[in-house]
Amino acid sequence: MTTVPAPDRRLERRRGALRPDARHREHLHHCGTAAATARRHRMRRGIYRTPRGLPCHAHLVQFGGEERREHERGVRLQEAHSATADPNLSAPTLTHYYTSSLYLVPTKKDNAEGYWYHLPGTYVIFTAEYPNAYLDKALLFHDSHVWHFNSALRNKKSPRALEKLVKEAEDIGKKLSKSEDDEYRNDMAFRMVQFALKDKSLTEVTEAIERCMKSINIDRVLVMEKFLIDYMTTQEENAVVRLNASLIPFDLKIAQLKSVIPLEYDELIENYWRDLKRSTTPGLSKACLPDNYDAEGLAKSYKLMIKMRGCVPYGENPFALREVIVGFILNVFVIGSVFGLLSLAHFCIEWYFSYPGFIRMAPSSK
Numbered sequence: 001m002t003t004v005p006a007p008d009r010r011l012e013r014r015r016g017a018l019r020p021d022a023r024h025r026e027h028l029h030h031c032g033t034a035a036a037t038a039r040r041h042r043m044r045r046g047i048y049r050t051p052r053g054l055p056c057h058a059h060l061v062q063f064g065g066e067e068r069r070e071h072e073r074g075v076r077l078q079e080a081h082s083a084t085a086d087p088n089l090s091a092p093t094l095t096h097y098y099t100s101s102l103y104l105v106p107t108k109k110d111n112a113e114g115y116w117y118h119l120p121g122t123y124v125i126f127t128a129e130y131p132n133a134y135l136d137k138a139l140l141f142h143d144s145h146v147w148h149f150n151s152a153l154r155n156k157k158s159p160r161a162l163e164k165l166v167k168e169a170e171d172i173g174k175k176l177s178k179s180e181d182d183e184y185r186n187d188m189a190f191r192m193v194q195f196a197l198k199d200k201s202l203t204e205v206t207e208a209i210e211r212c213m214k215s216i217n218i219d220r221v222l223v224m225e226k227f228l229i230d231y232m233t234t235q236e237e238n239a240v241v242r243l244n245a246s247l248i249p250f251d252l253k254i255a256q257l258k259s260v261i262p263l264e265y266d267e268l269i270e271n272y273w274r275d276l277k278r279s280t281t282p283g284l285s286k287a288c289l290p291d292n293y294d295a296e297g298l299a300k301s302y303k304l305m306i307k308m309r310g311c312v313p314y315g316e317n318p319f320a321l322r323e324v325i326v327g328f329i330l331n332v333f334v335i336g337s338v339f340g341l342l343s344l345a346h347f348c349i350e351w352y353f354s355y356p357g358f359i360r361m362a363p364s365s366k
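Residue numbering for the sequence shown is 1 to 366, as defined by the UniProt record's numbering.
Derived by calculation from the structure, the hints in this document are not laboratory data. It should be emphasised that the depicted structure is a prediction, and the values quoted were computed from it without experimental measurement. Just so you know, even glycine gets a beta-carbon here, dropped at the ideal spot from N, CA and C. Hints should not be assumed to be uniformly reliable.
[To be verified] Straight-line Cα separation of at most 30 angstroms, DSS-like style, residue types lysine-lysine; simulated pairs:
#1 K307 x K164
#2 K226 x K303
#3 K198 x K164
#4 K200 x K156
[As the list claims (entries may be wrong)] Simulated DEER-style distance windows between Cβ atoms:
#5 G336 x T203: 43 to 51 angstroms
#6 S151 x K178: 23 to 31 angstroms
#7 K286 x K178: 33 to 41 angstroms
#8 L268 x I329: 25 to 33 angstroms
#9 K258 x R278: 14 to 22 angstroms
#10 L263 x K157: 44 to 52 angstroms
#11 L202 x K157: 39 to 47 angstroms
#12 Y314 x D230: 21 to 29 angstroms
#13 K307 x D181: 19 to 27 angstroms
#14 A255 x K157: 32 to 40 angstroms
#15 A245 x R154: 46 to 54 angstroms
Modelling step: build the complete structure from the supplied sequences, incorporating the hints.
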């Protein structure tokens, strides 16, 4: 639970009241309504969404006595720095906003932009991690998952072990987003593309588009992994139809992305999406992919891979160095513990036999 220090009352009196702009007033109202609803349902931590779909990351902290859930029910809390805000926002300035029921201090902590709020009897902190940093982190963990999944395939792990890997990847994704919304990451990536199109350079727009397609591809890879696991156990006749139906939604999302992007980016999107699909097919390296990258060709390639296990790509684990370091530290700890115990035992034995009160009992002579 986050603990927020009490505000400086002298600063309140000195700064007076600075009103937010119209956009912030709208966020203030919608996020306040969402937070009040959450308090009525006894939610202490969570992500609230405005009618426009913008997230309000809220951590409610109890402060002295029972939380006044009904107090200031209509209080309007400003959304501090939503996921749609400028990710390159400079360090916050000492601008303060104060009312009889709300105290706000812009702050920067732990690579996140946030604001401190003071309510009677309750402290609230709203934070929003940099969107691009969050998306890159999600992609990094996904690459690590794909490496472990392909390694399990090469080692002929059971379908249950593969299912466990997929479940762990989904859980990590939810922990990173701190949301139960399956489309949270894709929505954020899509909004970052729209934001980049307004006033960003060509390079930044291209990076935002590629990041959005990679985000969509994360879900596509997980769907294909689930299909492969089922196909390994059943290989039903309608597998081609089922695989095709599961992949169509992702092509539709790319089409939706193209619909809001200027025409000069269409070729970039088509080429990048085609290469991305072929380079991230779970269980199949590029050399084993069919010429016609469709559901029927993929099903045939998967059937061959299940028999031979020779087409599974090796790839690269982004956390390989970290895992090696952790393993080395654990080995050093175990070996050091063993030597420490042996040294202690040797010392105890020597001390016991050299203790002055110890008298060797010689055999009696008759």
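Hint-by-hint comparison with the structure:
1. For the given pair, K307 sits about 22 angstroms from K164 by alpha-carbon distance, which is consistent with the 30 angstroms threshold.
2. Pair hint K226 plus K303 holds up; C-alpha atoms about 15 angstroms apart against a cutoff of 30 angstroms.
3. About 42 angstroms separates the Cα atoms of K198 and K164, which puts this hinted pair outside 30 angstroms; it is violated.
4. Of the pairs offered as hints, the one joining K200 and K156 is violated, with about 47 angstroms between alpha carbons and a cut-off of 30 angstroms exceeded.
5. For G336 and T203, the hinted distance range of 43 to 51 angstroms is satisfied, since their beta carbons lie about 50 angstroms from each other.
6. The hinted range of 23 to 31 angstroms is satisfied by S151 and K178, whose Cβ atoms lie roughly 29 angstroms apart.
7. Against the hinted window of 33 to 41 angstroms, the Cβ-Cβ separation of K286 and K178 comes to about 35 angstroms, which satisfies the hint.
8. At roughly 44 angstroms, the beta carbons of L268 and I329 sit outside the given window of 25 to 33 angstroms.
9. The hinted range of 14 to 22 angstroms is satisfied by K258 and R278, whose Cβ atoms lie roughly 19 angstroms apart.
10. At roughly 46 angstroms, the beta-carbon separation of L263 and K157 lies within the given 44 to 52 angstroms, and the hint holds.
11. Distance hint check: the CB atoms of L202 and K157 are about 44 angstroms apart, consistent with the given range 39 to 47 angstroms.
12. Under the hint 21 to 29 angstroms, the C-beta atoms of Y314 and D230, about 24 angstroms apart, fit the expected range.
13. Look at K307 against D181: about 39 angstroms separates their beta carbons, and that is not inside 19 to 27 angstroms.
14. A255 and K157 have their C-beta atoms about 36 angstroms apart, which keeps the hinted 32 to 40 angstroms range intact.
15. Take A245 and R154: their Cβ atoms lie about 29 angstroms apart, and the range 46 to 54 angstroms is violated.
Checked against the numbered hints above, the structure violates hints 3, 4, 8, 13 and 15; every other hint is satisfied.
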